[in-house]
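Chains as they are written, first to last, in this note's numbering: chain X, 661 to 830; chain H, 11 to 403.
Keep in mind that the hints were calculated from the coordinates and are not lab data.
Ideal Cβ positions, reconstructed from N, Cα and C, are used throughout, including at glycine.
Heads up, a few of these hints could be off.
Below are the DSBU-like pairs computed for lysine-lysine, each with C-alpha atoms no more than 30 Å apart in a straight line [claimed, not checked]: (1) LYS65/H with LYS828/X; (2) LYS828/X with LYS378/H; (3) LYS79/H with LYS16/H; (4) LYS79/H with LYS65/H; (5) LYS79/H with LYS69/H; (6) LYS148/H with LYS69/H.
Only some residues are given here: those of chain H computed to face chain X with a beta carbon under 8 Å [to be verified]: (7) GLU35; (8) VAL38; (9) ALA40; (10) SER132; (11) LEU155; (12) SER158.
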Amino acid sequence: MSVPFIVFFACAFLAVLGAVLLIFSWEPIHSALSLVLVMMSLAVLYLLLGAEFIAAVQIIVYAGAIMVLFVFVIMLLNAGTEERTDASKLAKLAGVPMGFFLLLLIARWLWTSVVGTTIANGLGARSNAGVSTRELSMVLFQQYLFPFEATSILILVALLGAWILARKND
Amino acid sequence: MVSLVKIAVLLFVVMTALAYLTWFERKVVARIQSRWGPYYVGAHGLLQPLADGVKFLFKEDMTPPTADKFTYTIAPFLALMLALTAIALIPFGSPAIQVLGQPVFMVSNLDIGLLFLFAITSIGVYGVALAGWSSNSKYPLLGGLRSSAQMISYEVSLTLSVVGVLLIAGTLNFNSIISGQSGYYFHFIPRWHVIPQLVGFLCYITAAIAETNRIPFDLPEAETELVAGFHTEYSSFKFAMFFMAEYANMITVSCLATILFFGGWLSPFPDSWEWQLFIPGGGLVLLGMYCAWDTVVNMRGIAQLQFAVVTLLCLVGGAICLMPGVREVIQGPFWFTTKVIAFLFFYVWTRGTLPRFRYDQLMDFGWKLLLPVSLANLVVTSFVMIVPYLRHG
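Assemble the whole structure, with the sequences as input and the hints as a guide.
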C-alpha cells in the first residue's frame, strides 16, 4: 500500500461522503459545504493523476468562485431549513434500482478504462499522465483554439443575458 | 523528514512574526497618532504580544446558544489553516542554498506555485463567510455578506493584475519568476517586474488590501456600522485565530508582492558591490548600539534588564551575520524580509492615515476602476509582448 494509494481512497471516500451529505443535510449551507468538500477531494484526485493545473483550476473556479457565490446567495436569502415531502413511490421503486444500475455501469467502465488502470498500476507514477501547464496551454490554444474561443463567446453571451435580465426596466 | 523540520521552523517563525506584527502595527499607528502605544509590558512593550496571547487563552470561550455549533467552530480553524498553508509556498531565499540536498529557505517548490496560492486564498473567504452566517446574529451576518461580496469582487482584479507579470515571466513557479528578475538596467537599476508592470503593481496592492479586509477597505468589520463584523460573537482563542489569520494573510500578500514585483530574495544592488554583504550584520550591530544607548540612558528597573537582553541579542546576531560564510547565506532571506517589512509598514501606514470607504464607493471602485485598469494593463502588456513575434513574421 503506497501513500498515493491511501490518499486516493481517503479522498474518494471524502468525495462520496460529501456527495451523500449534500443530499441528506437539512441546512442549505451544510449542503453547500459538503459540495465544497466534494470539489476539494476531486482536486486532490486530479493532483494524484498528475494534472496540477486542472487541480488548481478546480479549486479556484469551483471551490473558490462558484461555491462562494452559492454560500453568498444562501446567506443573502437567509434560506431556512429545508422542508421535505415524502419521496414519491416512483422515485423509490424505479429510481433506487436505476441508480445502482448506473453505478454498476460506471464501475464496469472504470474496470477497463485508462483511469482504472492508472489506479491499479499505482498512483503517483505520473510519467505519462502528468501534463504541465505549458503543454496544456499549447494544446488548448493551437489544436482546440476554435472550441475554446466559442466557449468564451458563449459565456460572454450568458453574462450579457444575465445583465439584461437583472436590469431595471426604466 | 527534512520537510517536517522545515514546516515546524517556518510555523514557529511565522507565529512569532504574527505576534510581533501586532506590536509593530500598534507602535507605528501610535507614532502616527502621537501616542506611545504599548509601553509597560516589557521594555517598549516588547512582551505585549505574549501578554495578549495569554489573555486570549484564559478568556471564557463562549458559543451563542442559537449558533450553528459545527460551522461556528470550524470557521476560525479554516481561516487560520488556509492563511498558514499559503505561507508554506513562499521561497524566502535562493534554492541554491541547500542542506542534505534540500533547499533550506523554502518548504515546497511547486511548478504551479502561484496558481496554488491563488487556489488557497480563493477559499480563504469561507472562514469569514461561515463565521458570519453561523453566529446566527445580525451584525456578523451583515459583516460576512459584505466580506464575501468584497472578496469576490476584488479577487478578480487581484488575479488579473498579476497576469501581466506572468506574461513577462512565462512561468508559474516562484523561483523561476524571481530568477527571471535578475540583471540590471544601466548596470544598477534592478530588472524587477515593478518597472514594466507599475500599473499592475498598483492594481495588485490596492486589490490586496481589499482582499485582506484592511483599512481603507475594512467594511466587513466596520466598528461604527457593524460592531465588529463577522467575528462579533467570537471570543477567547477563536477570536485570536481570526486575528492571526488576518495578519498571516497580510504577510502572504506582502510576500507575493515581493516575489512578483520586487525580485523576491534578490539584492537591489549589483553583485559586484561587495559591501552589501555587510549590510545585514552591520545593520543589526548599529541597532544593538542604539539599544545599548537606550538601555543605559532611558531604561530603569526591570525594563533595563529586559532591554539589555535585546541589546545582547542584536549584537550577537549582528556578529554572527558578519561572519564569512554566514553573511553570504543570509543575503537572500535578509532582502526578502526587508522588502516584506516595507510592505507591512505600508499596510500599517495606510491604516493610520486613510479613512474608510463607503460600501457603494468600495464596489464602484472595484468594478468600475480597478477591473478596467487591470484589464487594460493586461491587454497592453500582451500587445507589447507579441510585437517582436509579429515583426519576425
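For each hint, the structure was consulted:
1. For the hint linking LYS65/H to LYS828/X, the alpha-carbon distance of about 52 Å lies beyond 30 Å, and the restraint is violated.
2. Between LYS828/X and LYS378/H, the direct Cα distance comes to roughly 19 Å. Compliance with the 30 Å bound is thereby established for this hinted pair.
3. A distance of roughly 35 Å separates the Cα atoms of LYS79/H and LYS16/H; the hinted pair therefore is violated under the 30 Å criterion.
4. Distance restraint check for LYS79/H and LYS65/H: the Cα-Cα separation of roughly 24 Å lies within the 30 Å cut-off, and the hinted pair is therefore satisfied.
5. Proximity of LYS79/H to LYS69/H is assessed by CA-CA distance (about 19 Å); at most 30 Å being required, the pair is judged to hold.
6. A hinted pair counts as satisfied when its Cα atoms are at most 30 Å apart, and LYS148/H with LYS69/H qualifies at roughly 24 Å.
7. About 28 Å separates the beta-carbon of GLU35/H from the nearest beta-carbon of chain X, more than 8 Å, and the hint is not met.
8. Annotation: interface hint on VAL38/H violated; nearest CB of chain X at approximately 33 Å, more than 8 Å.
9. A hinted interface residue such as ALA40/H counts as satisfied when its beta carbon comes closer than 8 Å to some beta carbon of chain X; here the least separation is about 36 Å, so the hint is violated.
10. Below 8 Å, beta-carbon pairs count as interface contacts, and SER132/H has one with chain X at about 3 Å; its hint therefore holds.
11. Against a cut-off of 8 Å between C-beta atoms, the interface hint on LEU155/H holds, since the closest Cβ of chain X lies about 6 Å away.
12. With a least beta-carbon distance of about 4 Å to chain X, the hint placing SER158/H at the interface is held under the 8 Å criterion.
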